[in-house]
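Colleague: The lines below spell out each chain.
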Amino acid sequence: MRFLKPIARVLTATLVVGLLAQAQTPEDALRQAMAAHQSGQIDQAIAGYEAYLKARPGNPMVVSNLGAAYARVGRYEDAIAQYRSALKAQPDNVAVQLNMALAYYKSGDTDGAAPVFEKVHKAMPRELQPALLLADCWLSMGRNKDVVTLLTPFSGGKPEDPAVLYALGTALVRDNQTEKGQFLIEKLMRSGDSAEVHLLMATTRLNSADFAGALTDTEQAVKLNPELPDVHSFHGLALLRTGDQKGAADAFREALKRNPNDFVSNLQLGALARADQNDQDADRYLRKALLLRPGDPGVRYQLASLDFSLGKVEEARKALEGILKESPTFVEAHVTLATVYYRLRRKEDGDKERAIIRQLNAEAQEKQPGVRPATGEQKP
Amino acid sequence: MSITLNRRQLLKLAAAASVTGLSGAGPIPLFEEVPASVSGIRWVHDNAMSPDRFLPETLGPGCAFLDYDNDGWMDIFLVNSGPSDFFKPVKPLRNALYKNNRDGTFTDVTEKAGVGGGLSFGQGVAVGDYDNDGWPDIFVTAYGNCTLYKNNRDGTFTDVTAKAGLKTPGWTTSAVWFDYDNDGKLDLFLCSFVDYGDKEHLSCGDNKMGRKYYCIPRVFRGTASFLYHNNGDGTFTEVRLGTDIAKALGKGLGVVATDVNNDGLMDLFVANDTVQNFLFVNRGKDKNGRWQFEEMALAAEVGYSEGGRARSGMGVDAADVFNTGYQDLFVANVDQEMFSLYRNNKDETFRDVAHANNIAQATRLLSGWGLKFFDYDNDGSVDLILANGHPDDMIENYSAQVKYAEPLLLFHQEGGKLVNVTADAGPAFTRSYPARGLAAGDFNNDGRVDVLIATNGGAPVLLKNKAGEGNHWLGLKLEGVNCNRDAIGVKIRWSAGGVIRNRLKSSGGSYLSSHDPREVLGVGKAEKIDWVEITWPKPSGKVQRIENPEMDRYMVVREA
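Listed in order, the protein sequences are those of chains R and X. Quick note, the first sequence lines up with residues 157 to 536 if you use our numbering. Quick note, the second sequence lines up with residues 3 to 562 if you use our numbering.
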């Protein structure tokens with residue numbers, strides 16, 4: 157997000173800490189490595205840190221520096237391994253925790269980043285930056301209520317931090333707390349027209365089924381800032397809801413060009429491919445989405461359903477039963493599981509599922525906005 | 003090396019030749035629209051569209067081909083709206099009955115026939131000879147009161163609804179005549195749509211914009227459809243109670259009666275809007291002597307989309323599309339949902355093969371209503387026509403892709419697959435319509451089955467079939483004696499050109515509409531038909547064989 161970029165830069169500037177004694181020993185190698193690190197010669201720095209650690213394994217500061225160097229060249233997995241090793245020795249080292257969280261974050265692994273940012277936030281509850289980064293992770297994980305709880309103490313400042321307004325507004329809108337979200341959007345709007353405002357407006361409109369309005373806003377948001385995180389995926393959603401599946405698929409692909417770990421785009425492309433019976437693409441996108449949100453019942457359902465259509469009936473059954481244990485009101489999963497049971501000649505189980513579907517549908521009918529009491533004359 | 007060209011390829015060659023100046027003539031359209039100035043059909047549907055956008059306004063109308071005067075030529079019936087609790091017409095509205103003048107023109111005989119209606123908000127029509135007197139009777143569904151018009155055999159009809167016990171409350175849509183208990187008399191199934199409320203009707207719309215639009219039926223409660231048993235004395239008894247038909251609360255729009263498991267008992271496939279479709283499999287009498295239908299759409303895999311979602315089912319049909327001896331099913335849905343072609347697995351389950359037959363891709367942005375499986379070019383294989391139109395006249399304000407008026411689609415079967423040939427079908431297929439009902443029938447008796455499309459708030463579209471030049475055919479008018487007079491449920495097998503084909507005479511299908519009751523058997527270029535075998539439905543069950551029938555003509559076959 158535009159508001160979050162400077163924050164990340166400030167945080168990563170704290171990476172290199174301390175200087176070690178100069179010598180033609182492993183320590184000398186370390187000194188040279190740190191100098192190289194500071195002058196941006198990262199490959200040399202890595203070689204120096206690795207040489208030092210070979211001779212003097214376990215120094216948490218050096219391990220952490222090596223992690224930072226790995227992160228700098230995009231070797232996030234290696235960086236995380238080093239940070240993890242450093243934290244074994246110094247579990248409460250907040251700077252290392254922060255670096256590790258950032259490595260996860262930059263690698264697109266928000267699931268990995270979130271718990272580490274959470275630890276940092278607990279250690280520094282008044283610090284806005286880790287809280288914002290944690291909020292961003294939670295937003296991408298769909299933990300909208302948690303974001304509201306997290307950021308509410310930071311709101312109301314004068315002047316209001318636009319990053320807080322944006323993240324909190326997004327969470328409120330996605331959590332269907334439209335009125336409160338709208339209030340923050342209006343505050344943001346006072347600071348001028350921006351892609352962020354349009355994206356927030358679009359999210360609100362999507363939630364209230366004003367798809368044409370959402371599309372107008374996402375179009376504007378894409379025009380104002382095509383690099384805004386989530387802007388292409390939400391544009392894709394707006395296109396999808398207004399019937400332009402091809403345009404939507406293009407937008408989702410655009411989102412993935414910028415962020416291959418965009419959950420919404422992976423899921424939607426998977427679902428679109430699935431509807432088109434393009435099983436190979438469906439599998440690829442859905443498995444990626446599952447990696448991004450391993451517990452997400454929607455993705456797991458799509459994969460189970462894909463398995464079923466590929467004739468892997470037993471696999472589908474197991475997956476669907478698992479999904480329904482956790483999400484017992486997931487109607488589509490009940491429908492597919494019933495079909496699976498019938499196909500397996502387990503009529504009794506199929507009938508049980510069918511009864512559940514009927515019950516859930518009846519409950520959903522009652523919750524329809526504007527549904528009227530039955531007149532009775534049509535009742536059998 | 004021999005080269006076989008089908009008609010589509012020939013048309014493409016003809017088109018190419020025209021472009022390059024080899025010939026002055028363009029391709030012959032497969033279907034040619036007959037304008038009102040030629041046909042004389044000047045009736046126009048009044049959809050009663052109001053600022054409140056009451057839902058019944060957008061669902062009609064239906065249409066029918068029928069030979070009401072038994073002169074051997076298909077006449078046309080068209081359903082209109084009418085007064086209701088939300089609509090008081092400024093001037094009286096009426097249905098229309100057009101008599102076929104046998105020269106490509108029609109004469110409006112509504113008034114004389116006494117079928118103008120005008121007392122309720124008409125929706126659909128089902129034609130059937132319920133009293134087995136050899137004269138087709140007309141049943142009109144409605145928001146309000148249905149009407150049964152008994153054919154007086156003299157060009158007039160009498161409203162016998164109350165006497166027959168068919169006064170049906172609520173909102174009925176498609177209806178189908180079929181003999182569910184094989185007693186030789188046509189029974190009646192009536193799709194019931196939603197519980198629309200009895201005083202005020204729910205409005206849906208964007209209050210900020212001050213506009214109202216047609217509600218998505220999700221907000222209304224479902225209702226049970228109706229099954230009327232024909233008592234054989236001109237009256238009917240409602241018999242759904244105690245069956246799955248009573249338990250299944252749906253929002254029925256389309257219905258076809260067919261036999262999905264070849265057990266000789268007619269089943270029902272019902273398309274529901276926003277809730278699952280129903281497949282009522284006829285199980286015969288239970289131990290208590292009560293007739294049972296088992297609703298098994300979920301187990302049969304025709305209730306929901308592959309993704310487990312209920313869709314907005316509207317038009318339906320059934321036919322042995324792939325000549326397997328089993329009935330396949332079709333359901334048309336609203337845009338984004340794609341339509342489904344369900345291939346019969348021969349074990350009371352089906353597999354959706356719409357993608358493999360190019361149907362899903364072609365219908366992604368369309369909303370389908372009237373439709374029909376028929377062999378439009380008489381090559382012996384089953385083809386498909388789809389009539390489309392979005393229910394919401396304001397859809398273009400919300401969607402850049404979806405239109406209110408939509409094109410017709412035509413699919414031709416080639417090598418066991420349906421191929422979209424709309425582009426070759428003629429100018430009528432390049433235009434868009436708010437289409438609803440669709441009826442198939444050979445109005446000029448040339449053996450090529452024509453198409454009638456009813457449009458919402460517009461004039462009907464009559465399409466003359468010009469396809470299948472040089473292909474041979476045999477038309478059968480089947481008359482049951484012990485079985486129902488309309489021979490619904492009859493099985494036909496015929497052999498020609500080394501191929502044996504099957505057909506079951508289903509009933510209903512499409513949307514709100516009724517087809518020409520005759521069966522046209524296409525045999526392509528075969529020089530003769532070896533034999534035709536007719537298995538009459540129970541209680542007859544007789545098998546009748548006709549050897550070497552003369553081709554390219556209609557013949558009456560009476561159960562013997």
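Hints may contain errors.
Residues from chain R that face chain X, not an exhaustive set, calculated with beta carbons under 7 Å [to be verified]:
1) Ser263
2) Asp400
3) Val491
4) Ala494
5) Tyr498
6) Arg510
7) Ala511
8) Gln515
Just a sample of chain R residues kept apart from chain X, beta carbon distances all over 10 Å, derived [as the list claims (entries may be wrong)]:
9) Arg282
10) Lys336
11) Asp432
12) Glu477
13) Arg499
Simulated from the structure, these hints should not be mistaken for laboratory data. Because the structure is a prediction, the values reported are computed rather than measured. All residues carry an ideal CB built from backbone N, CA and C; glycine is no exception.
Colleague: Evaluate each hint against the coordinates.
Modeller: Okay, the hints, checked on the actual structure:
At about 32 Å, the closest approach between the beta carbon of Ser263 (chain R) and any beta carbon in chain X exceeds 7 Å, and the interface hint on this residue is violated. For Asp400 (chain R), the interface hint holds, since its Cβ comes within 7 Å of a Cβ in chain X; the closest pair sits about 5 Å apart. A least Cβ separation of about 4 Å between Val491 (chain R) and chain X falls short of the 7 Å threshold, and the interface hint therefore holds. A hinted interface residue such as Ala494 (chain R) counts as satisfied when its beta carbon comes closer than 7 Å to some beta carbon of chain X; here the least separation is about 6 Å, so the hint holds.
Interface hint status for Tyr498 (chain R): upheld, as the beta-carbon distance to the closest one in chain X is roughly 4 Å, under 7 Å. With a cut of 7 Å, the hint placing Arg510 (chain R) at the interface with chain X holds, because the nearest CB-to-CB distance is about 6 Å. Taken as an interface hint, Ala511 (chain R) does not check out: its beta carbon lies about 11 Å from the nearest beta carbon of chain X, beyond 7 Å. The beta carbon of Gln515 (chain R) comes no nearer than 13 Å to any beta carbon in chain X, farther than 7 Å, and the hint placing it at the interface is violated.
With a least beta-carbon separation of about 41 Å from chain X, Arg282 (chain R) lies farther than 10 Å from that chain, consistent with its non-interface assignment. Chain X leaves Lys336 (chain R) outside its interface by the beta-carbon criterion, the shortest separation being 19 Å against a cut-off of 10 Å. A cut-off of 10 Å between C-beta atoms contradicts the statement that Asp432 (chain R) is not in contact with chain X; the least separation is 7 Å. Here Glu477 (chain R) stays apart from chain X, with its beta-carbon at least about 15 Å from theirs, past the 10 Å limit.
Listed as a non-interface residue, Arg499 (chain R) fails to keep its Cβ farther than 10 Å from every Cβ of chain X; the least gap is roughly 8 Å.
Of the numbered hints given earlier, the model fails hints 1, 7, 8, 11 and 13; all others are met.
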